[in-house]
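Asks: Based on the sequences and whatever the hints tell you, model everything.
In order, the protein sequences belong to chains A and B. Just so you know, we're using this note's numbering here: the first sequence kicks off at 307 and counts up by one. Just so you know, we're using this note's numbering here: the second sequence kicks off at 864 and counts up by one.
Check the hints yourself; a few may be wrong.
Here chain A is said to cover these stretches of chain B; the calculated rule only asks that three of the stretch's residues, wherever they fall, bring their Cβ under 8 Å from a Cβ of chain A [what the hints assert, rightly or not]: (1) 953-962; (2) 1009-1015; (3) 1036-1047.
Treat the hints as calculated values from the structure; they're not laboratory data. Glycine included, C-beta positions come from ideal geometry on N, C-alpha and C.
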Amino acid sequence: MGKSPEELYQERAKRVWDVIALKEPDRVPFLPTFTFFPVNYAGLSCEEAMYDYDKIGAAYRKALLDLEPDMFNSPYLTLAIGPLLEILDYKLIRWPGHGVAPDKTYQFVEGEYMKAEEYDDFLFDPTDYMLHTYLPRVCGTLAPFSRLPNFPMIYYTRFVAGLTPFGEPEVGEAFEVLRRAGVESQRLVGKAVAFGQEMQALGFPAQYGAFAIAPFDYIGDFFRGTRGIMVDIYRRPEKLLALLDKVTRITIQSTLRSLQATSVPVVFIPLHKGIDGFMSLEHFKTFYWGSLRQLILALIDEGLTPCVFWEGHCESRLETIRDIPKGKAMYRFEQTDFAIAKEVLGDTVCMRGNVPASLLCTGSPDEVTAYCKQLIDVAGKGGGLIIDGAIGIPDEAKPENALAMARATRQYGCYG
Amino acid sequence: MLSELIDSIAGMKEERALSLARELLEGGVDPLKVLESCREAMTIVGQRFEECTYYLPELMLAGEMLQEISQMAKPRMTKGLEVRRRGRVVIGTVQGDIHDIGKNIVTMLLDVHGFEVHDLGVDVPPQKFIDAIKAVQPEILGLSALLTVAFEPMKRTIQAITEAGLRDSLKIMIGGAPIDERIRQYSGADAYGADAMVAVELSKGWTEGHKTLA
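Replies: So this is what it looks like as structure tokens:
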């Protein structure tokens, strides 16, 4: 007789948590990260997936039931965001129908959204900077916020002058935009909660309870741009370090707040600009790892498990990033050599990922099976390994290859 | 003083480099000589990047210094700087992908190493590559991508170039985070680069023995 969903749920959760705690599980867990793969698999367009909350839920459900991973990731808070992007007229993303073809995924538009001379403004009062300068710049419909008053100056009879901007029709419209965006966000969160409950009933635990970002990437990706932040390392290192410190504290605070609404104690932290080839090891330690480690340790202190995604190659960083408590986190790697990583990190943190995107998109199921078997042989001894694609399951992966990955993990990943 | 300018740029001493350049130009030194020294410094930066002592912060800061000094020198110049070129490269991010950081790094390194680079930008359709190949007649084509969504367009672009009869006279290199030997074979490119320096090495190899272009 087959296992009940509840038994499967417990078994899958234990399997993953054993690996995180560096205990040998019953078998290697299979945690495929989905983005638009389920969408292509179900024959939806990316545009439909970003706008139709029910269709994307159905697409994810189908992929999960067919691949039977040990945990699921939800499509709602990062994928089905078309309506929200439209309400905000958001400039950092191009999406289907808005700069990208209907069958293509949304893409990030990097820019210098914060100018070099604005460090002091951000440092002095982050909320004021976001309201007056940053949000009007990155959200077309929030542009009138640049006319908001200085809030500390709304006091005693001075409130007359302080309140006049709120009477302007454009400012009122911007507040109406925020309200509509808030209602849409609530709908999305509602869908995410319902999807999580449905998956739990089907026997799948959730992968993540919250998302965070490395402080260096927060500033580099969304504020200064790659050129901006890389040059700041030389031109204004003290200001950059001061802002990194501030952003670290804000990130810890907001991550802990967002986790109050969920029982899933895992925080996903994808990384971008600190990998091999981007900066020297010395700069990495000073500008990248210092603040990221602070974030990781703060989360672990609160009983949470950071899942840190090291993109690209990170071989030169392994000795440095080993400096975290044992058995308390998960490191996802894209192209880092798992044999080397196992040797350096094997007694500290479990590792996940590595099946190449090129193989999953253009290879054959036999090749995928052979690759997974070898990965388990090389990096799976005694536990510590979780199978996933190097960048999750690529959007254009052949379905038969994703299925081969699932099968190979079950076939070759058993212990004992 | 010119050698100190070279050391300052190559040593990431931006303020010193800019004040030296200003002094030299105001003191009547030929602006072409100043720019020649900048180019020499950029070669050193490129070498250190190759040796993995320099990375993006150094490469990008050196680029900014070069730009600032060029702007200072321009109004004083009577003729343009003549640079000997190793060869011509047409480069772009393929259709469907709008990312350009990797492509821009490769473009800058190729320029530092003496190539004439024609950058077509991002989300470039096959026909635009074909038009540029006809107009520029490069020895080398570089196709860039960050996303897996670009695998098919890469293949399609190279197919279109072949169908247009332009493939034989052209070396094609591809690069970007998800690109590997498997995608090289899949797309039909001649080579792929796992990092930006490989693009320079490939380009040098492919143009070795070619007559330098004036």
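Asks: All the hints need checking, so say for each whether the structure fits it.
Replies: Against the structure, the hints come out as follows:
1. With 4 residues having a Cβ less than 8 Å from any Cβ of chain A, the region 953-962 of chain B passes the three-residue criterion, so the hint holds.
2. A stretch counts as covered by a chain when three or more of its residues have a beta carbon under 8 Å from one of that chain; for the region 1009-1015 of chain B and chain A the count is 5, and the coverage holds.
3. For the region 1036-1047 of chain B, the stated coverage by chain A holds: 6 residues have a C-beta nearer than 8 Å to a C-beta of that chain, and at least 3 were required.
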